[in-house]
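Student: Chains as they are written, first to last, in our numbering: chain A, 120 to 612; chain B, 120 to 612.
Keep in mind the hints are simulated off the structure, nothing from the lab.
Backbone N, C-alpha and C fix where the C-beta goes; we use that ideal spot for every residue, glycine too.
Any given hint could be a false lead.
[Unchecked claim] Here are some of the chain A residues that sit facing chain B, going by a computed Cβ distance under 7 Å: (1) Ser216; (2) Leu330; (3) Ala332; (4) Val530; (5) Tyr550; (6) Gln576; (7) Asn577; (8) Leu582; (9) Arg601.
Residues per chain are reported as follows:
Number of protein chains: 2
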Amino acid sequence: MTRTYDDGLGEVADVVERARRAGPELADAGRERRARLLETMAAHLDRSRVELVATAAAETALAPDVLDAEVTRTADQLRMFADVVREGSYLEATVDSAPAGDVLRWLRPLGPVAVFGASNFPFAYGVAGGDTASALAAGCPVVAKEHPSHPRTCRAVLTALRTAAEEAGFSPDVIGMVSGFEAGGQLVTHPAVTAVGFTGSVGGGRALFDLCAARPEPIPFYGELGSVNPAVVLPHAARTPDAVLEPLVTSMLTRGGQVCTKAGLIFLPDDADQLADQLRQRMADAPHPVLLNESITAAYLAGTAQRAALDGVEVRCGDGAAAGDDARGPVAPVLLATTVAGLLADANAELRQECFGPYAVLVRYRSVAELRTALAALPSSLVAGVYATDDDLPDARDVLPVLVDRAGRVVWNQPTSGLRVGWATQHGGGYPASTAAGTTSVGATAIRRWLRPSALQNWPAALLPAELRDAVGGAEPGLPVRRDGQLHLPEAV
Amino acid sequence: MTRTYDDGLGEVADVVERARRAGPELADAGRERRARLLETMAAHLDRSRVELVATAAAETALAPDVLDAEVTRTADQLRMFADVVREGSYLEATVDSAPAGDVLRWLRPLGPVAVFGASNFPFAYGVAGGDTASALAAGCPVVAKEHPSHPRTCRAVLTALRTAAEEAGFSPDVIGMVSGFEAGGQLVTHPAVTAVGFTGSVGGGRALFDLCAARPEPIPFYGELGSVNPAVVLPHAARTPDAVLEPLVTSMLTRGGQVCTKAGLIFLPDDADQLADQLRQRMADAPHPVLLNESITAAYLAGTAQRAALDGVEVRCGDGAAAGDDARGPVAPVLLATTVAGLLADANAELRQECFGPYAVLVRYRSVAELRTALAALPSSLVAGVYATDDDLPDARDVLPVLVDRAGRVVWNQPTSGLRVGWATQHGGGYPASTAAGTTSVGATAIRRWLRPSALQNWPAALLPAELRDAVGGAEPGLPVRRDGQLHLPEAV
Numbered sequence: 120m121t122r123t124y125d126d127g128l129g130e131v132a133d134v135v136e137r138a139r140r141a142g143p144e145l146a147d148a149g150r151e152r153r154a155r156l157l158e159t160m161a162a163h164l165d166r167s168r169v170e171l172v173a174t175a176a177a178e179t180a181l182a183p184d185v186l187d188a189e190v191t192r193t194a195d196q197l198r199m200f201a202d203v204v205r206e207g208s209y210l211e212a213t214v215d216s217a218p219a220g221d222v223l224r225w226l227r228p229l230g231p232v233a234v235f236g237a238s239n240f241p242f243a244y245g246v247a248g249g250d251t252a253s254a255l256a257a258g259c260p261v262v263a264k265e266h267p268s269h270p271r272t273c274r275a276v277l278t279a280l281r282t283a284a285e286e287a288g289f290s291p292d293v294i295g296m297v298s299g300f301e302a303g304g305q306l307v308t309h310p311a312v313t314a315v316g317f318t319g320s321v322g323g324g325r326a327l328f329d330l331c332a333a334r335p336e337p338i339p340f341y342g343e344l345g346s347v348n349p350a351v352v353l354p355h356a357a358r359t360p361d362a363v364l365e366p367l368v369t370s371m372l373t374r375g376g377q378v379c380t381k382a383g384l385i386f387l388p389d390d391a392d393q394l395a396d397q398l399r400q401r402m403a404d405a406p407h408p409v410l411l412n413e414s415i416t417a418a419y420l421a422g423t424a425q426r427a428a429l430d431g432v433e434v435r436c437g438d439g440a441a442a443g444d445d446a447r448g449p450v451a452p453v454l455l456a457t458t459v460a461g462l463l464a465d466a467n468a469e470l471r472q473e474c475f476g477p478y479a480v481l482v483r484y485r486s487v488a489e490l491r492t493a494l495a496a497l498p499s500s501l502v503a504g505v506y507a508t509d510d511d512l513p514d515a516r517d518v519l520p521v522l523v524d525r526a527g528r529v530v531w532n533q534p535t536s537g538l539r540v541g542w543a544t545q546h547g548g549g550y551p552a553s554t555a556a557g558t559t560s561v562g563a564t565a566i567r568r569w570l571r572p573s574a575l576q577n578w579p580a581a582l583l584p585a586e587l588r589d590a591v592g593g594a595e596p597g598l599p600v601r602r603d604g605q606l607h608l609p610e611a612v
Numbered sequence: 120m121t122r123t124y125d126d127g128l129g130e131v132a133d134v135v136e137r138a139r140r141a142g143p144e145l146a147d148a149g150r151e152r153r154a155r156l157l158e159t160m161a162a163h164l165d166r167s168r169v170e171l172v173a174t175a176a177a178e179t180a181l182a183p184d185v186l187d188a189e190v191t192r193t194a195d196q197l198r199m200f201a202d203v204v205r206e207g208s209y210l211e212a213t214v215d216s217a218p219a220g221d222v223l224r225w226l227r228p229l230g231p232v233a234v235f236g237a238s239n240f241p242f243a244y245g246v247a248g249g250d251t252a253s254a255l256a257a258g259c260p261v262v263a264k265e266h267p268s269h270p271r272t273c274r275a276v277l278t279a280l281r282t283a284a285e286e287a288g289f290s291p292d293v294i295g296m297v298s299g300f301e302a303g304g305q306l307v308t309h310p311a312v313t314a315v316g317f318t319g320s321v322g323g324g325r326a327l328f329d330l331c332a333a334r335p336e337p338i339p340f341y342g343e344l345g346s347v348n349p350a351v352v353l354p355h356a357a358r359t360p361d362a363v364l365e366p367l368v369t370s371m372l373t374r375g376g377q378v379c380t381k382a383g384l385i386f387l388p389d390d391a392d393q394l395a396d397q398l399r400q401r402m403a404d405a406p407h408p409v410l411l412n413e414s415i416t417a418a419y420l421a422g423t424a425q426r427a428a429l430d431g432v433e434v435r436c437g438d439g440a441a442a443g444d445d446a447r448g449p450v451a452p453v454l455l456a457t458t459v460a461g462l463l464a465d466a467n468a469e470l471r472q473e474c475f476g477p478y479a480v481l482v483r484y485r486s487v488a489e490l491r492t493a494l495a496a497l498p499s500s501l502v503a504g505v506y507a508t509d510d511d512l513p514d515a516r517d518v519l520p521v522l523v524d525r526a527g528r529v530v531w532n533q534p535t536s537g538l539r540v541g542w543a544t545q546h547g548g549g550y551p552a553s554t555a556a557g558t559t560s561v562g563a564t565a566i567r568r569w570l571r572p573s574a575l576q577n578w579p580a581a582l583l584p585a586e587l588r589d590a591v592g593g594a595e596p597g598l599p600v601r602r603d604g605q606l607h608l609p610e611a612v
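Sequences and hints are given; from them, build the entire structure.
Tutor: Right, here's the structure in full:
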């Protein structure tokens, strides 16, 4: 691969070094300039929308209207982080005053970070996705890993971001990219890389996590690896299947079941035959999607067949075989059914693991106590859904603590598969949903992952960083500051 | 070891199980009850002060007045976390409202956590220290590891805390303890343990970090391992040695040089002979301390002798031999001197590493540019000191960015060895100063390490956890809440 660096791609050492050099300007640009950088990047995504959507549609088999909406979400996410940067709370500016000299504490960017995007959201979890947007907002230059499943999309996005960076007066090297499997390992072990954002599989993610932990100086690995996402239909709700059916089907089948928030385990009372049959019917009638890439297709075919053959598992719909003969499908939806005992059997661990594609398992429970036992035994998930009527409130109260323990977000009577991006967004959970349970990979507070605290004690005001001079009572208002334990908000403009 | 569990000690599986069972009550107690728990614990430390100080003085050889002040600091720290819990910002309560249903996000306790205290602060970094106080404040039960260097102190503190917990209406098992080297490894790999706080050596800390990272479900390891702590005397300040001498000597010799914030590398201009000689004199005149334990004493004697023999290193004071013949000293202070080239030589890595005891290295620099190069090449530290006059301001401006990059806290014209505990406290840094650069182990925000975010979407108000009902506009005021991006403070009471 011979290539000039002008497109932002190159060898790992070169791309990381360029990111490192672009770092101080990005970190010290001040909040307003960094906010404008993010907004300029959003504008460039909007401007390149037609090309981006066409390129991604060809590479991913996702529908153009779905991808168009994803470009909007991705651009909006960059703009949201511009708001987060301007608002300034994220700095956690804190002053403890004392006759012996004040102590000032605030959060600073870590330095260059690596971002590994996902196959299923080429924009929102891609080169310009939430990891990149939050890292740039924090002041960290980003080195993305090109996704082998949609390389042309990655490059088109990279070009848009680099062009925007230059237009906003920054080095284009605030964002760069490396390519190839080996480059991924080199990237996370490079001494100048300070943290990693990752969205992908348990296998690949754990391997990179292990590399980060084994470094001479370990760095944080913020990985979203896999999530089985239980959805619970409580007894009274199960008797009104029409209210429950649409959000459940949406949760199972959005993007051909290739979303990390897919409801993979649908818990139903064991007498909910009508709802179970309606779910079977909807799966049987669902379109057969072409999947994102060959490895997801192969994993879908093998994974559904393997699960269908487990003891205590019935096949309700689909036989796991591809309807087409292309290596990416189209594939037939698969709905399995089991009991709590079947789900929790030692030999049936696969049932408790994520499988991308139009696949789910109905789990019949005999009592809410059994339901709680089952939920408590599941690996952590990104999201859980509860479907309930008013008559289910006492049971919901029983189930809520275990759901909150097992999932980063718990949804009431809505599909789990959508994720609103805002200040209250939580997209994370325990392992394997996330390798860093204390964080979120989406939403305003995702910026916290790329920051570290610093304190200055007894420093002369003239030497304080510009952002901190505001905190100490300088000319520029606009920064929430905690002084001697008391939080103060800036006056409204 | 046969022992009833009533004293809080036991086998790992038993102690962790008891902590796990005590968890829900602690987590759901509400902020006011948890604040009172911390205050009751503080009161019991005060009440046991005479016994605690006598026990620790016998075990550690630290002076009773020093230990008495440490009990005060430790009790005050518990009270500070009561304030933090009452204030409520730490919950990060956030509401995004929408016609389709609000999303609420807040921080919840992780579950049982393990705490490994340090040898050098038997109270402030011990069983009732900052890790325990912040974890209990968060709502996490604690299993402490007994320190082999002061086991009786650990048990006396444990008894005080358990008695206080019962008095405050909680299970005493909110705090328990395990004993012995093997128990440490079992503790951090126990499936129910959700995070680890550690203060100690690089060797022991890294081994436990590696165990945490290798778990099937990895957990965070918040470790403070080692810190060499540079102190920089800028050229003009070096010409007024009297102003500089006291804070430098304090930074080098507090507690016999057995503090993690000890200034280990003193950077002086190469013409600062007068200051260098005064430092040598003060070290030569300093008392010979008895050290904390035999392994620190052995490491001091071997470490100073090894460093003294390195190429490019001169011995200014002390020969590294113990003045007494006890296995814990008293030991003679050791002051070495070298150049920047000597400090950075590949073969001299030990010079760049922490060594507990009354030991420091003078590093002579020829220019501020060379000083910057030296500082940038050091491992990360907890703290760095700068000694400067007004005439040094331009040089200080040059040096500040590299110091902020290399140390979690940077101090102007004061000893580095003291740490004020408050809202703006930062005690952490890059590896090996900390294994988690984004955190602090001391100060109000240390609570953040033991929390993870959760979100509820579209939930009926009746089912929200009590702490969140406040956030949604319930009867109890007092909680800062971000609504639709806008931070709102509770009305003053």
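Student: Indicate, hint by hint, whether the structure satisfies it.
Tutor: Now for the hints, and whether the structure bears them out:
1. Annotation: interface hint on Ser216 (chain A) violated; nearest CB of chain B at approximately 9 Å, more than 7 Å.
2. The interface hint given for Leu330 (chain A) is broken, as the beta carbon of that residue sits about 11 Å from the closest beta carbon of chain B, more than 7 Å.
3. Proximity of Ala332 (chain A) to chain B holds as hinted, the smallest CB-CB distance being about 4 Å (cut-off 7 Å).
4. The interface hint given for Val530 (chain A) is met, as the beta carbon of that residue sits about 4 Å from the closest beta carbon of chain B, less than 7 Å.
5. Hint status for Tyr550 (chain A) relative to chain B: holds, with the closest Cβ pair at about 4 Å, below 7 Å.
6. Using the Cβ-Cβ criterion of 7 Å, the hint placing Gln576 (chain A) at the interface with chain B is satisfied: the shortest such distance is roughly 4 Å.
7. Checking Asn577 (chain A) against chain B: minimum C-beta separation of about 4 Å stays under 7 Å; hint holds.
8. Annotation: interface hint on Leu582 (chain A) holds; nearest CB of chain B at approximately 6 Å, less than 7 Å.
9. With 7 Å as the threshold, the beta carbon of Arg601 (chain A) comes within range of chain B, its nearest partner Cβ sitting at about 6 Å, so the hint holds.
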